[in-house]
Structure formats: C-alpha cells, structure tokens
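Fit chain B to the known structure of chain A by using the hints.
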Amino acid sequence: MSGKIRVLVAKPGLDGHDRGAKVVARALRDAGFEVIYTGLRKTPQEIARIALEEDVNAVGLSLLSGAHNELFPAVIAELKKAGLNDVIVFGGGVIPEEDIPFLKKSGLGAVFTPGTSLQTVVDFVKNNAKLR
Amino acid sequence: MKTLAEISRALTTVENRKEGYLDLLDKLYKQGKPVRVIGVTGAPGAGKSTLVDAYVNLLANEGKKVAVIAVDPSSPFSGGALLGDRIRMSSNSDNIFIRSVATRGAMGGVSDAVFNMIVVFRAAGYDYIIVETVGVGQNEISISKLSDLTMLVMNPGTGDDIQMMKAGIMEIGDIFVINKSDLAGADELEAFLKASFPERTDKVFRVSAKKNEGIDQLKKGIEAVFKKDAELISKRTEKILKEGLKYLIMSEVSRKLDKTLSEADLKIEEIISAKESPYSQMKKVLKSSFLK
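Here the protein sequences line up with chains A and B, keeping their order. Just so we're aligned, residue 1 is where the first sequence starts under my numbering, counting upward by one. Just so we're aligned, residue 1001 is where the second sequence starts under my numbering, counting upward by one.
Which bits of chain A does chain B cover? Going by a derived footprint, with three or more residues having C-beta under 8 Å, they are:
| # | segment |
| --- | --- |
| 1 | 20-29 |
| 2 | 32-45 |
| 3 | 51-58 |
No lab work stands behind these hints, which were simulated from the structure alone. Predicted model, so just to flag it, every value in this text is computed and none were measured. Think of the CB as a built atom: it goes at the ideal place given N, C-alpha and C, for glycine as much as any other residue.
Bound conformation, chain A alone (with noise of 0.2 Å):
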C-alpha cells in the first residue's frame, strides 16, 4: 500500500473567518488527500506541533486578519525549529499583492489571494508535497 499525502490546513492567530480554509480543505479532501484541520486561532508554536505529530506534508495557512506579515513567517519559523524543513507551506486570505514577494522569500511556496481557482490550490499540492 502507498502512502497519502497528509496537508494541514491552519488557521493563525486571531481571526474567526474560516469559511475559505472549508472551502479548501474540502477542495484538497476531493483531491484524495487526507486534510487535518487545525480549527481557529492557533498560535504558530501550536501549528508547529499539529504539524509535527500528524507528519503532514504540507500546511496551508488561511488568514484575514492582515497579520499575514508576522504570522506565516512565525509559522516557518516554528516549523523549521521543530525539524520539519521538508514541508511545503502555502498560503491564502486577503493579502495584498505587495506584500507577496516578502512572504515568498521567507519560506512560503505559494500565495493565494481571492479568486484564486481551487484546482490551482490542488494543483500546487500535487506537483510540490513530497511523499514520506
């Protein structure tokens, strides 16, 4: 039997908007994955943790909140220092164009802002988690 690739959807800090994160784990679940939810405001040390005792393979973080530009890079952190470097992390929410550049160079393999379709989301998955 092989494996599956395991993605957690997390929703950082305080915002209590996760109808988007639904919408996608759904999405994700319909692609065969096996999707964990984190449920609403996580810190990153938490997302970090989940992350590390589901051995996921990728984490995708949802956030409204406009604290994209502390929390995702806090989340990175928190995953390298728990040992996960082979993780890939993708990120989506209101998030002005501006501020994509910085969030991709501190470790976010992808952004995803409204109107985004959710088979580029799969698609993002499929061609970048790597199978343990």
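Chain B only, in chain A's frame:
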C-alpha cells in the same frame, strides 16, 4: 524512539506499510511496556472528540502520558479524508500526542493500521492510548477487539429500551457515557440503560464534555473498572493479541492476493465466447498463485 519526530515518523512508516515496517514493529513490540488502551465510540456528533479532550486533559495534568488516535472516514470515491477531530481538542500539554488517522477503506469504525500504531505508542512509553472511532451506527464494533475497555458515548433523546436491546454496538460498552446530559431526555436514557444492563448500573455516567462536567467521576469510574475487572481485562488482552495476529496474517495474505490478481492473465474474450468458463479460469489462476 524518543523524540516526537521519531514517534511521528514511525507512525507514518507503519500506516503506509513502508519497506521494513514489519521489522520496525517487531523491534518496537519487544520494547513495549504495559499500557491502557481505551476505545471511545458512538454516533457522529455524540461528542466523542470533546469528551476525549476533557478526559485526556485530566490524565495529562496528573503527569500521565497520553496518546490519542482519532479516526475519521476516508472517502470511498476520492480516497481523501477530512480529519476534523482536532478542532475539539484544545490541549497544549506536552504529555499529549494526538494523531488523526483516516480509515483508508477499512470497515468497522477504525483503520487497519490502528493495532500497529498502538504498538508504536506502547514502545514510546505512553501510559494511556485513547482510540476514538469514526462516528458509528449500530454495528461497527472493531474497536472492542482492540481496546482494554470501550466507552460508548450516547446522547439524550436517541433511543428507547428496544434500542438498548439491539445486538451490535450496545453490546460492546464497558462504560456508558451520557454526554450532553443537560439536555432533556437524560433521565430516561439513564433509566433505559440501567434497566437494560442491570449488571452495569455503576458504569453509566452523565457528563457534559463541553462544560467539563462529570469528567472527574467518569475518570474514577474508568479506574475502578481497570481495578475491579483486572482479570477480565487480562483475558481480553489475550483476545486482542489473537485478533491482532489474525489480522496481521490476513493483511499479508491480502497483499499477496492483490499481487496475484494484478498479475493474473485473465482471458476475458475466452469467457465471452464461452470457450472457457469463469470457473475454470479461476481454478487456473489459483493454481499458478501462492494459494495452490
């Protein structure tokens, strides 16, 4: 196997049946220490995850190391899964390790990998392993074949005395938990349970997992079962190992069978033209396989 990363990776190796997983399990099994395995089952939305969260927090605060294996269903269509048990589990304790698991086609409410994952957590020195099943109906009882003790989580307003008499899920509860017991109908459910299981009246607990009420008494009740029914549980351990061994043999055979089937030279045209029957072909395939 000491760090969380090592435990986590071992779980993946075992779940994906990666090269060498049986050798790893062989080694880990021999390192295992005694552990309490508790199954938690019940209908979808009964409050299993919330209850597990409240219960494991109590254990962790006492310094116990607790592993949670939370099972949710895989899609029979896409093979994907949405593993959502963590949403209700808010613990930050270092003593708790939660792993979400998809059924990956297994029937019966748990994944085929759970038995082997228990072996991993046992070797890692956990004191308790809680296995939460998928939301079940009336007949998914696999959990009782893996656990020392099974908790059946129920809600007020979900049945009368006839439901209690039905075969299947009602027969596997060592402990009955009436969750959401602040809702109307809790008295009736308690009365039905106690009347239907007169030998287990001390094993019915009313809780509200969300409000964290009654969890202390439930925990004491579980300890009492482990003490009082020690003999029963040790007999059950024998049964668990026997079931586990049977399952291991079955899964090896089924892997070989998959290989046989994928390599089999099936001549469908001959069957369509009735030159051969499906039965003679079946015999031929079996003859050339490991089943001969």
